[in-house]
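The lines below spell out each chain.
Number of protein chains: 2
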Amino acid sequence: MKLKVKEINLSTGGPLIAVLHEKTAKQISLFPKDRVHIRKIRIKKGITCVTNISNKGIHENEIGLFQEAFHKLNVPEGTQIEMTLEEKPISIQYIKKKLNGEELNAKEIDTIVKDIVNNELSEVELAYFVSGCYTKNLTINETVALTNSIVNNGERLHFKDKIVLDKHCSGGVAGNRTTMIVVPIIASLGYKMPKTSSRAITSASGTSDTMEVLAPVTLSKDKIMQIVNKTNGCIVWGGGVDLASADDKMITVRHPLSMDPTGMLLASILAKKKAAGATHVLIDIPYGPGVKVKTKKEAKQLMKLFYKVSKRLDLKIKVVLTNGFQPIGNGIGPALEAADVLSVLQGDGPNDLREKAIFIATEMLKLVNEKNPLPKVLDAIESGRAYKKMLEIIQAQGGHKHPVIPKAKYFYNINATRDGKITFIDNQKINKIATMAGAPDEKAAGIYLRVRANREIKKGTTMFTIYSNSLQNIETIKRRLKEINPITY
Amino acid sequence: MKLKVKEINLSTGGPLIAVLHEKTAKQISLFPKDRVHIRKIRIKKGITCVTNISNKGIHENEIGLFQEAFHKLNVPEGTQIEMTLEEKPISIQYIKKKLNGEELNAKEIDTIVKDIVNNELSEVELAYFVSGCYTKNLTINETVALTNSIVNNGERLHFKDKIVLDKHCSGGVAGNRTTMIVVPIIASLGYKMPKTSSRAITSASGTSDTMEVLAPVTLSKDKIMQIVNKTNGCIVWGGGVDLASADDKMITVRHPLSMDPTGMLLASILAKKKAAGATHVLIDIPYGPGVKVKTKKEAKQLMKLFYKVSKRLDLKIKVVLTNGFQPIGNGIGPALEAADVLSVLQGDGPNDLREKAIFIATEMLKLVNEKNPLPKVLDAIESGRAYKKMLEIIQAQGGHKHPVIPKAKYFYNINATRDGKITFIDNQKINKIATMAGAPDEKAAGIYLRVRANREIKKGTTMFTIYSNSLQNIETIKRRLKEINPITY
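Residue numbers (the UniProt record's numbering), protein chains in the order written: chain Y, 1 to 489; chain Z, 1 to 489.
Looking at chain Y on its own, in the form it has when it is part of the complex:
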């Protein structure tokens, strides 16, 4: 069938989409999401698109192409093309197989991942793959295969060093910015640690959001390589490099239902570490009622899985289970956390944050068989070398050598209304208030936490301070404080 190309000035961020008029579709018995092959007249090879059907904006003799497809086909608007119906890719059969509860082999998984990376699957088809992995679980074999495929079908960082360190935290603990302390410690001790981090999704700040207070975090692969080869470390946003693009595409369809198939989660984490060049990875799994992993039992199961899978991946890991029952550090929100981080690196700062960072750094050195790890970590801080390293990394990433941390316009203290003993501080509610104050978009917004669980308090003790650039935000929080009060005493 011959049709004229119409450019559609919208992008999809991935899949190649062609739009047909509904009458054209009916004429060739085409369903929405069916595939068509489009090629220039007298040229054999063209592109394959997934179709949308519209009864507006497209004439019967036209084929609309979203930006990705338009640029890939690379013909001027109005060009006549030849369109034929195309069979579904074989990966569709494998996805169905998984939904039917059968195990996929490495080749089948690799075919799916390749089709994901090449944007040959529609979002609906991708959602079915996620469903299959969620409802039928991934075996260890499948998880290993998925990890390898994600790594092999994406960009990678390559370092010459025999040891490249990394860490991962399963997340959910408010504050808890250990990464930004651990990276300069490890880097100052002569090891490479190219750290890619995420941004906040529902929390008040991700490591990338906090680091962004001090330096740009969206850097190219080449720039990252250059910084790490110069300073031994970096703290950048993983979304800025294409290290595991199959994974990023899967996350898009996982998001609407917050689908976290365990095997896919593991593959996602470990693939990102491998792609960043890591050989040794410390995995921190905090557990507690308000965080991602709720119980010690669940944490232990996850730990076992991590060991089983990583053994098959030529990746040395150490898993630590940590207490996630309350926030760590005083600041919650990008700028307030950045201040905590710099303070710890200067030998001061909140004790719990300092201790956790020292613990993590020490465990990482143990993992690479370093002797006397604890004194070395302590010395890195006390000597000022870790702080100096942090300033070096900040500058290498394009930040200022004397970083200025923004302050919020307004603050409001929440004081104890009676004497008591604090029994619980809810991570989720702390995050909720900090985001209501404006974090992470407003860098200076958030909470400064002045108490910890098990502490006796007197009536009038300031438990925490809310920082915001908007009085309205503070008023809203005050009004809803009863319902979202994070501190039980």
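A couple of the hints might just be wrong.
Same chains, same label: a pair holds when it works inside one copy or across any pair of copies.
[To be verified] Listed next, the in silico DSSO-like pairs over lysine-lysine satisfying Cα-Cα at most 27 Å (straight line):
hint, residue 1, residue 2
1, K97, K300
2, K221, K316
3, K409, K26
4, K249, K97
5, K432, K88
6, K4, K318
Source of the hints: derived by calculation from the structure; they are not laboratory data.
Assemble the complex: chain Y is given as a structure, and chain Z must be docked to it using the hints.
Okay, now just chain Z, sitting in the frame of chain Y:
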């Protein structure tokens, strides 16, 4: 956040879609497929859209609206609107619950179906619902609830009669156009039978495609009511009326992976019957290697499910298991089948088609406790009353009183190359050849089958004739005949 409306001249056929620039999305931490609420300034109630993100075609201060959303919001292009992030609808939680293997109650299912009908779920979310029903199965309770919800949230036909008959066939047998013979028989005997049918998806013709040779089949609800009240019957395309719109929307996302969750299939079939006003339904399940239901065992399981569910739906049904090992009738393809149908109604025609139609009509009369059903059915045909009724229905639907059946330009005979006995005629391959010849789009294209299984044939016997308007199609079939030969002897 204030944004200016930009009209996007494309329609989605359902979901309300808003498009934001990727920077705008990032600014408010919005993910693709997140929901936003859009309202006119100083007006509280607006619309909820699912978001797409584009880095082309939309400025940072704009919000693009596809046609459905643009018309629902109903403001001129360029109008400033207020956009806020919106929580996910509660039905998302229920879908997740199903994916986790829990049973949904009737209220939860109804909430999901309402959101589907109101276009409040994205295709990805809908795919997750289908996945849940597929991987975790629907219980009888859930199937009953889903059927009722589909009926209650769509259009319905209402008749005053105590008895309204209908039939359904699970499909896959080539030819087999019993419906078009049964409807006029039943209607001529004084019962109402408002029949909505489907079009071919992968086969050579659906009942709607065949009926369309004789009369228009895309009719409005009012027109259908009027025709049935006048003639007692109709044979129309179900897709032309909104009788089970939730079901139609689910079919769109089921299509890419050919997902047929049994409970959803049952709900789909029974909801369409109930919505068409049926009180008594005959269900024909042909089984055989080349059709939908492969074995007698599978057919029996399906039969049991049909009885269990329909008992709870206030619907009297009778299920018959029939032989689906070879095509029924001589013609395969719209015009060739229409000719068979008219021939049977005139007392002639292929024996197997005539016999099956008589059997089905007789079983239907038994279902409504009619005495001496078989003689009545035979008399309806022999007296010419059924044929007369068919002409009446054809005219009522807007067809010609002397229907002219189109003939193909070319034909080609396939003859036996040696003596033998026919052991098998493959329905799928018969359909394949007929579609290669041009059916169902070319009404006159298809196959005329001249033999049946168990028949002895001599070398040179014409086994079937291919009809097509394209010599090229016939050449392609001839070239590939070895591989797609449907007759084993």
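Hints that the structure is at odds with (numbers, increasing):
6
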